[in-house]
Structure formats: structure tokens, C-alpha cells
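All chains should be modelled from the sequences, with the hints used to inform the complete structure.
Protein chains in written order, with the numbering used here: chain A, 32 to 320; chain B, -17 to 287.
Incorrect hints may appear among the rest.
Under the rule of at most 25 angstroms between Cα atoms (straight-line distance), these lysine-lysine pairs were calculated in the BS3-like manner [unchecked claim]:
| # | chain 1 | residue 1 | chain 2 | residue 2 |
| --- | --- | --- | --- | --- |
| 1 | A | K166 | B | K216 |
| 2 | A | K166 | B | K214 |
| 3 | A | K52 | A | K282 |
| 4 | B | K216 | A | K88 |
Which bits of chain B does chain A cover? Going by a derived footprint, with three or more residues having C-beta under 8 angstroms, they are [claimed, not checked]:
| # | segment |
| --- | --- |
| 5 | -6 to 1 |
| 6 | 107 to 120 |
| 7 | 141 to 155 |
| 8 | 184 to 196 |
Keep in mind that the hints were calculated from the coordinates and are not lab data. All C-beta atoms in this analysis are idealised placements derived from N, C-alpha and C, irrespective of residue type, glycine included.
For reference, the chains in residue letters:
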Amino acid sequence: MTDSTTNRMRMTQEMTSARIKRFSAVDRVFHLFLMVTFLIQSATGFSRLFFTTTWGKQLGYVFGGYETSLIVHKWVGVFMMIGFVIHTIYLLTRVQWRNLPQSIFGPDSLVPNLNDARHLWQRFRWFFGLGSPPKFDRWTYWEKFDYWAVYWGLPLLAVTGLMIMYPLVTSSLLPGWSLNIALLLHRAEAVLATSYIFIIHFFIGHARPASFPMNEAMFAGSIPLEEALEERPAWVARLAQEGKLALVSSKPPALWYRVVYFVFGYAALACGVYLLINGIIYSGAVRLH
Amino acid sequence: MVNHRSFFMMRTPFRRIVNIWAATALLVQALILPNVLVAQEEVASALRRFKDREVSTGYYEEYEVLPRRQQPLISVPGVRKGTFPYSPTAAQARIRTRLADSHQGIKFYYVLRCEFCHAEETKDIHTVRANLTCRQCHGGEPIASIEHFYSPLNPIRRHAYVCAKCHEGASASFASYVVHEPAAGSIAAKNDFPTLYYSYWFIFLLLVGTLAFFIPHTFLVGVRELIAKAKKTKKDDERHDTGDGEQDAEQADIKRGDEPADRSQDEQNFKQEDIERSDVRDQRRDDGLDDKQDEDDPRDDKRTD
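And the structure:
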């Protein structure tokens, strides 16, 4: 038996039962925190945005009415800002300062690089049957986009939110008309974020054939090695080459845990889709500013 | 009393003359001077007065002040040519945003409501969300133009006279918030409020661009993965039915979840007899081949025992 065959066999064996770790517990807690806060912010924000419609009023009642939904919105917003700061500190601890270029531009980094552009191009060719699908590494380009969209969207919402939360302070630092801009940006960025999450992120996480009925990676923390080989062959190859496959192997999630996160995930999905559909129905009643 | 008596003691023709003069004077002032009685009262009709109720409840109805009657003979610059000039300095007061009465000279003004003409101005946050009425900021009739020197909305005192009523501590900077902002993407905004205009187009293009890229992208992902899945299933089915000449799956490819993960040693010590093939055996037995093969299979002997 040749070495390559043995290797292949060994790989296939691992494939059939092994799981590979994708997200640490900290990553998953951040995602869970963001899920809950984002949905609350969407619901309270929409209840105020659509306040002039019957649906908006009903949505507001859930949070105790027009005024109290704003109080909820502000507090949850403050929690999100704190979460953002903690996440940034966490991010800084993950950077390998002694090996900075590799840490930032390497394949384990979420920073976009030229490979992502190449993958995008390859993937579009693949869409139309003009080539093979790109061999993704640890993070695909749309996952990087997801991450950075939140990472710059959240501070924008936080800054504009703080501005309209404390208009008198704002007007002592900036001209009062900056509040007009802040209101516009807060609303438009919120519409962008909600529509992106409720349409695209949800579709990628639940509805596309590779993920249906639910992409469990962000809850289970691990994916079957088989799935990783199919979706991220470059990553698995890199790990195998570096001999790190055993290091990232993981146990499958317990059944009770799967039940919990399926119920929770679908509840969140339902909330988001509910807000999206009603938002589209009543979109005629609101303006972007 | 004396005066009254002397008036009634006057001779009738003279009294008539006085009446005629008084009536004429009243007529003249009615034509020239504004109606002083209802001018600055918060009423919607001669019968309905709700200022007291509103002040006590703090809740302002949608009613607006009944506009005072116009002076039909007064000319209004740019609007109407009357018998009398608007003011001795009317030539300088041609800009409507600088009039003491900004609605001076508008026809049928007394039957109009603010929103008949200022429809766009009723859609801002203060009106829609804070439920403010126009006059809570602009004051009662006659509504001064916002640039008029004595107007409470004049930028020199707006923050103190108007904004601070709700926003305690409002500064002049605070008052530069544009309550009736132009439609953010409009040419009007480009001229009057360029920062709003460019912010709007920046965020709007970002929104539309993101969705315009990712919605088709995600849709294509879905379709392409569906096709790939269908093709794979079809290929598997064909291989299952006919075989396509490809090498058969190796033993190690067969998933055996009940066995330990590390089977490399098993593979090397692989023996044919380890594989239990009860179905094949049954088949053979049915075909009458069992007897010949029995000798080869020691386990079969055990079973027959």
C-alpha cells in the first residue's frame, strides 16, 4: 500500500466521523449577543419608524408603546456599544503582534485580500458554468463582508444614535444641523443592516441548498470535516499540511443542544422575516430620512 | 352720564349725522384695519375656543388659529394691488419671509388650513411624531415671517423663544437643526442643504448597491448549488444503476459509524471471512448452492450445529 493511498484513506476515515472546529465559544457568544440585541433593535426601531402605520403601533405595544420602545432601543443600543468595545479588545488580543503582516493578511485573518477578489471572480464564472468553484480558505469573501459590514455599521449607528440621544450635547460640539444628517444616516444604515441580515444573511444561513435547513456552524461551533472539505478545501488542505487537523477536531453537539439552537435559530428567523415582510408592506409609509 | 344725556338730548337730524359718521368710520376701519377681535385668539370658529382646554390638558388638537380677515384695500407686494400701500416702506418689504404677517394678501386665507399650502411641512418629525401643531412654534395669527425682526422664529432668538420650550437649554447652534428639511435627495436639498444631499446619496447608493449586488449573488448561489446537488444525485443514481466504469469505492470509504474512528490497523489485517454476508448466503441457499460453499465458511458450520 503506497503512502499516498494510506494518507488518502486516513483522510477519508477522518472525514466520515470527524468534525472540525470553526468558531470558539467566545465567537459564538458574540454572535448570540449580536443576534438578540440586533433583533430587539430592529423591532423597537421599526416600531418607531413605522409608528404612523397600524402595524408599527402594534409592534410598539410589545415594548410598552412609542415612548418606552425608545427607552428599550437606547438601552440595548448602549449594550451593543459595550459589546462592540469588548469585541474590539478581544480582536486585539487575537492579533499576533510579533507576526503582524501574516496575522493581518494571512488566510486566518478576516481582512479582505486579493484572493477574495479572485474567489469572487471564480465564483461568478462558476455560477454560469464557466469554471470550477473557488477553493475557499478559512473565510469566504461574503463572510468577511458580513463581518466588516457589522464592524463599521455598528459604530455608525452608535455615533449617530448617541448624537440624537443627546442633541444638546451634540449641538454644543457640532452645528445643530448635523442632527439632520445623524437622523438620516441612523435610519438609512438601519434599513441597510436589517435588509441585509433579513434577506441575504438569512438566505445564506438557512435557505441555500448547502445550508438548508440551518447552517449549524455558528451554534455547534464545528462542522463535519466532509462539509469543510467540500466548502473550504484550501483550509482543510492547509490544516492537514501543517498537521493541525487533529488540533481543531471537535465533538458533535449534543442532541438537546441541537434542539435548543434549532428552536432558537428558527424563532430568530421568524422574527426577522416577520419584520422584513411587514417592513416591505408598509415601506410606502416611511421615507429614508 | 352727562354726556349720555346730552347725546340723547340732541336734535334728531344731528344725531343721525353722528350715526352716519360713526358708521362710515367703522366701515373705513373694517376695510383698512385688520379685525382686531379674533385676530390673536386660538379659535377654530366664532364658537369654539380651546386654548384654555389645551393649556390645561397639555394636549394640542389639530386645530389651528382662525386667520384674521384680510384687509381688502391694502396692496401686498407681489400679490395684490390695492388702494392703499402695504406700508410706507413697502418697496423694501417685498420678501414674504420678512413680513410681519407672512400670509398677508393670500386670497380666501381665512378658510384655509396650514396644510392646504404647507403639505410638505406637516411631514417632519416634530409634526408627525411629537404631535406639535404649527402654531406651537410659529405662534398665533398674524403669523410673522420667520425672518421678520420680531418673529419668535427669527434665528437670533429662535433657540430661546421656541426650541427651549421643549428642549431646555437649547443653544443657537441647536436651533440650526432644520425642522422642515428639504427632501434629502432633491435638488432643493443640493442647493439649501448640500451635506444632507450628499449624505443621502452616499447612504442610498450604499444601500441600493449592497442589495443590488448581494441579492442576485445570493440568488445565483442558491440556483447553482441546487443544480450541483441535482447533478450529483443524478450521477450517483446512474452509477448505482449501471456503473460508469469508475473504480469502486474502497473499503475505507464505506462509513461504519459503529466502529472506532481509527481503523487503519483493521484495514491492514483485512480478511475476507470477516465480512458477514448473510443476504448473499441466503440467496445461495435458495439457489441450492449452499451445500458446496458450506465447507469454506467455518461460521456456517457453527450455525448448523
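- Task: Output the numbers, in ascending order, of every earlier hint that fails for this structure.
- Result: 4, 5
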